[in-house]
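Student: Chains as they are written, first to last, in the working numbering: chain A, 1 to 376; chain B, 1 to 376.
A hint or two may mislead.
Because identical chains share one entry, a pair is satisfied inside a single copy or across any pair of copies.
Said to hold, decoys possible - Derived pair list, reagent style SDA-like, types lysine to any residue, alpha-carbon separation capped at 20 Å:
| no. | residue 1 | residue 2 |
| --- | --- | --- |
| 1 | Lys294 | Met70 |
| 2 | Lys294 | Phe76 |
| 3 | Lys103 | Asn275 |
| 4 | Lys173 | Gln183 |
| 5 | Lys294 | Arg67 |
No lab work stands behind these hints, which were simulated from the structure alone.
Protein chains: 2
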Amino acid sequence: MIQFQIDNRSTESRARAGRLTTPHGVIETPIFMPVGTAGTVKAVTPEEVRDCGAQIILGNTYHLYLRPGMDVIRLFSGLHRFMNWNGPILTDSGGFQIFSLAKISKTTETGFDFQSHIDGSRHLITPENAVDIQTTLGADIIMCLDACIPYPADENQAKEALELTTRWAGRCKTAWDVIPNRQNALFGIVQGGMFPHLRQESAEELLSLDFPGYALGGLSVGEPKDLMMEIADQSLPLLPDERPKYIMGVGTPEDLVELVALGADMFDCVMPTRNARNGQLFTGSGTINITNAKYREDTGPVDPECTCAACRNYSRAYLHHLYRSRELLAYRLNTLHNLHYYLDLMQSMRKAISADVFARFKATFYATRTPSGGDE
Amino acid sequence: MIQFQIDNRSTESRARAGRLTTPHGVIETPIFMPVGTAGTVKAVTPEEVRDCGAQIILGNTYHLYLRPGMDVIRLFSGLHRFMNWNGPILTDSGGFQIFSLAKISKTTETGFDFQSHIDGSRHLITPENAVDIQTTLGADIIMCLDACIPYPADENQAKEALELTTRWAGRCKTAWDVIPNRQNALFGIVQGGMFPHLRQESAEELLSLDFPGYALGGLSVGEPKDLMMEIADQSLPLLPDERPKYIMGVGTPEDLVELVALGADMFDCVMPTRNARNGQLFTGSGTINITNAKYREDTGPVDPECTCAACRNYSRAYLHHLYRSRELLAYRLNTLHNLHYYLDLMQSMRKAISADVFARFKATFYATRTPSGGDE
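Given the sequences, and given the hints that come with them, work out the whole structure.
Tutor: In structure tokens:
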């Protein structure tokens, strides 16, 4: 199980600095969780992920269930030993990937009936086996199976999905309650699309099930930024203050700063790793595209302030060359840099909350980092 | 410049254990040089290459000249700082890559007139600028520009190419002789195809130019293994005993063992790195293909005897999963393992030579390692 305590609170915002104790170690919040989809944070080793400052990683149940498969995972008594990561792991339920990746997916009251995007094989994921699979994976934090909707979605669609999500949450909770020698914690996921009253309905129903932690799902699915922030602003206070609050699949550095200010504790997103593989690097002064011709002869590091392995040892010109040459090392060094940036940002926010200077932190963050400032 | 001393000789073969002092450090021979084509040993960092036991790496002049280009290399005062490798570097002359990769190549007395395989741009490489480019790259050991021939080639073709190679070697030597504050060493390359008398002619002519080291070129170009060994067996003794003897572009673990026995000191080959990226792993008991279905549930390391980072931390099942999932980490871990295997093999040979037990070493090597034994 987990324990969550709040160490410090910002008096200038709803930001809080906490400490989440899990079976595999303590996580200092607010925290960003690098995404290790298929049992590897793409392009880097677990040691490197830890060196970047990661305290917890996320695994995708959908991917791991299909490949390597649960029979292989069982041989290693879970994902930790299989991938050689001994820190905390959170797994998603697979719902979002079934929705976005599976070839054909049919949603019924029972669960998701879908075809693998890898080999077309048929599978059924129910709330009960979503809990079972994640428990077999050995994750410290597991998520309820939830029903996702596209954006935009009308109110009826959103309401139906949230009500199914609530019923599934109840079934997940029942399944989780009876796990023998249970180690993991189960989080509920608030849905309700972009409708505040549906978000409220969802939160209230989940709260009655009393989960160890809560997440906001269905954000950053294509909606305007303002709308996402409105929903988060309205929904986060609906969740119990003393429980960790996790916003799924978000977001840009600016998103993280805003959402921490609104009281969110946990995040995951493919952005730092995926963008790295596309040559986009985050820096204190903005985001740069290392493929840009201006970096061909640039002997300086990506970010002079950065202490990551890429910035300590290599120049922009070298990273530019590696990327242009499609060398495998490019993806790795870029990933190291971006993960370091994200995790360093979270750590800076935690310090600012602890010193109760979050407003000043935010002002400095925006003053130095302009979204397209890096390349200019 | 370089200095070469022979520490020990095998009394059971022509194998010798030497010590090659270069501006960037001492190399213990016999040595294998990992290939860092475009300023990176593919998939791994310089620190990792060193951790695998590498003492010297090879850079490809053709690739580096085209990309990043010499203007960029000059900004870093050479390849060492550009790629963050501070050990010895040997560069080839570019001749072989022009022959095998360039879109169109015309060989004249002057040099190679060719079109870049990257962007079609026209370039002229002469013996003089081959020396100049490699000197700008800052390599510790540079190679004469040589003319390559296909296999099979008739005697006339082989004779013409070797004679051109000899004339070019003279021009390279003249250009190298006048480099101000020269640090690097220039090696001559023996050609002559599969014709022993042409190899002899080539060696004799090069020896009269008195190079600090000599290489055998034009081997492992498609000829039968026996023929390659015959040519090496005949040619190596033609080279001065007190100079390092380098066999270019060779080979399998078995090749290295045989050629060390024949008196070769230095090797380079893409085999450990390229095969790694194809899922083929070298082990003490043979070569295995990690994509093989039998490894899906194999919880043991690739090679129980191996101390590389991949074998210490990951299972065959995990490497199988990574490779099947085309995860970037697969290429890196496989590369680390294969480089470690090759470099460990060289070190074992050096120890066997020093203890004068090379024959026993060879017997054990063949007894445990069968070419296809790993997968059986």
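Student: Honestly, which of those hints from before does the structure not fit?
Tutor: Going through the list in order, the structure violates hint 3 alone and respects the others.
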